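From just these sequences and the hints, can you work out the full model?
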Amino acid sequence: MNKPTIYWIDLFCGAGGTTTGIHMANANAKVIACVNHDPEAIKCHLRNHPDCLHLAEDVRDFKVVLKIKELVSNLRKISPDCIINIWASLECTHFSKAKGGLSRDADSRTLADHLYKYIEQIDPDYVYIENVREFMTWGPLDKKGKPIQNLKGIDYNRWKSAIKFYGYDYKSKLLNSADFGAYTSRERYFGIFSRIGMPIAFPEQTHAKRSKIHGTNFKQWKAVKEVLHLHDEGRSIFGLTKLGKPYSENTLKRVYAGLLKFSKEGMFVKRYNGGDPYHKSNSINDPLGTILTSRTHALVKPVFLTSYYGNGNAHSIDDPCNTLTTKDRYAAQFINYDYSAPTHTSIENPAGSITVNPKHNLISAQWTVDTQYSNTGRSIEQPGQTLIARMDKKPVYLISANHGTDQRKFQTDDSETIIKIREFMRDNGIKDIKIRMLNIIELKAIQGFPDDFELTGTKTNQLKFIGNSVVPLVAQKLVESNYEAIVNYCLKSA
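Numbering (the numbering used here), first residue to last: 263 to 756.
Hints in this document: simulated from the structure, not taken from any laboratory. Values in this document were obtained by computation on a predicted structure and should not be read as measured data. Worth double-checking, as some hints may not be accurate.
Said to hold, decoys possible - So the derived label-pair ranges between C-beta atoms look like this:
hint : residue 1 : residue 2 : range
1    : 331       : 501       : 57 to 65 Å
2    : 503       : 335       : 50 to 58 Å
3    : 478       : 331       : 25 to 33 Å
4    : 449       : 383       : 31 to 39 Å
5    : 383       : 423       : 14 to 22 Å
6    : 424       : 497       : 53 to 61 Å
7    : 716       : 479       : 37 to 45 Å
8    : 503       : 678       : 19 to 27 Å
9    : 404       : 340       : 49 to 57 Å
10   : 329       : 716       : 24 to 32 Å
11   : 265       : 478       : 26 to 34 Å
12   : 395       : 466       : 19 to 27 Å
13   : 379       : 510       : 45 to 53 Å
14   : 265       : 424       : 49 to 57 Å
From the three backbone atoms N, C-alpha and C, an ideal C-beta is built for every residue, glycine too.
Take a look at the structure:
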């Protein structure tokens, strides 16, 4: 039996997250056409995937449907047994809970209904839908633009039934990218429509926060620290930003919240089973196991990420990053510890391991901050936060606490938050706290783009491309599952 050729149409393709994942999956899976209204995103997509038909147009334009229909008709003449799949990453902004009580755009919320004409004209074998979890609650809005609670899901169920009426089966799942080995813990809804009788397959989970769940063994989540440039600690929060301005009160409050979480609540605990207790420190909730300095570097820096959106907390870099957004919303934070202080030990890391270099008596606690809403940070021992589209306005910061200039002296113009931070530093032997935004290279790696993927355009555009993208690894796993299911289906039918 010849291996089936599967052609994909990538609607709402952005800069190429889905297409990249499809092409990572299998040589017999190929994207033939992609559509996006943003010409800058199409330029980036074209740079990386030049063999696709690129349409910088609105998917709602019927002329787009006809162009793709003509392409598909020609392919079916050449290869009558080919499989035609549509992938639609519908705009999620106006379904997402991050919108709060803001008005939701009616046109954007009805984009799903425009799939009907693609199905009617192209007659695909499969239709894949990617969106946020809240897509399943799609329903009418009240006068203030908020969902009507008792009518949640009505439009979603109507839409689902309408597509099934064309002759499709349907299944859906919520998939977390960290469960498949990604550096980001981005959770998304995935719906699959298949021609009646054709198989629907989802990928099997390979990773988990804990290595064993209900008797099943998993690889542990990847630590975002693996792709962070931890040598770059940034600037002291007691100085000025690159723009020559003091750090904002909101930023300082998030730093303080991260300090409380990763120190007072525990970063690592003393070990009393031999050796100098100041230098025998282990995490009590280390998802990756204890990291020994002799096996990596002279100094291991426990780092955590803080996100500035949502209601999440500080995150370990031993876990995947949360969803990346299209704005800069992550900060790297570095805390400088003075080990002459008596209280530097006996702190517990809730999600990562910390080891001490006994030669230098130095430990550097690091975490990331996502600047959306009231996040307090995330350890770099965990997967990273979800990256979103507006990271240019809400950046991700890396915060570090380690040795440096002693910043514990109180100043007459200290704000209330700065005073709290300095008091905390004195109590815990911290000399300085440094902060920097995560850079494009780090964010691209967290989202899972290959090293050779070229981001084009301005920094603002590049951040938007990353935050808007589907995690390529998840697309790859879904496409691999689809391909294997079709191969087995063809073997049984032969």
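Evaluated hints:
1. About 59 Å separates the C-beta atoms of residue 331 and residue 501, a value consistent with the hinted range of 57 to 65 Å.
2. For the hinted restraint 50 to 58 Å between residue 503 and residue 335, the CB-CB distance of approximately 56 Å keeps it satisfied.
3. Distance hint check: the CB atoms of residue 478 and residue 331 are about 45 Å apart, inconsistent with the given range 25 to 33 Å.
4. Look at residue 449 against residue 383: about 33 Å separates their beta carbons, and that is inside 31 to 39 Å.
5. Checking the proposed 14 to 22 Å range against residue 383 and residue 423 shows it holds: the Cβ atoms sit about 20 Å from each other.
6. Range check, residue 424 to residue 497: Cβ separation about 54 Å, and the 53 to 61 Å hint holds.
7. Taking the beta carbon of each, residue 716 and residue 479 are about 38 Å apart, inside 37 to 45 Å as hinted.
8. A beta carbon spacing of about 20 Å between residue 503 and residue 678 agrees with the range 19 to 27 Å that was offered as a hint.
9. For residue 404 and residue 340, the hinted distance range of 49 to 57 Å is satisfied, since their beta carbons lie about 52 Å from each other.
10. About 26 Å separates the C-beta atoms of residue 329 and residue 716, a value consistent with the hinted range of 24 to 32 Å.
11. At about 31 Å, the CB distance of residue 265 to residue 478 agrees with the hint of 26 to 34 Å.
12. For the pair residue 395 and residue 466, the beta carbons lie near 21 Å from each other, so the given range of 19 to 27 Å is met.
13. Taking the beta carbon of each, residue 379 and residue 510 are about 48 Å apart, inside 45 to 53 Å as hinted.
14. A hinted range of 49 to 57 Å is violated for the C-beta pair residue 265 and residue 424, which are about 33 Å apart.
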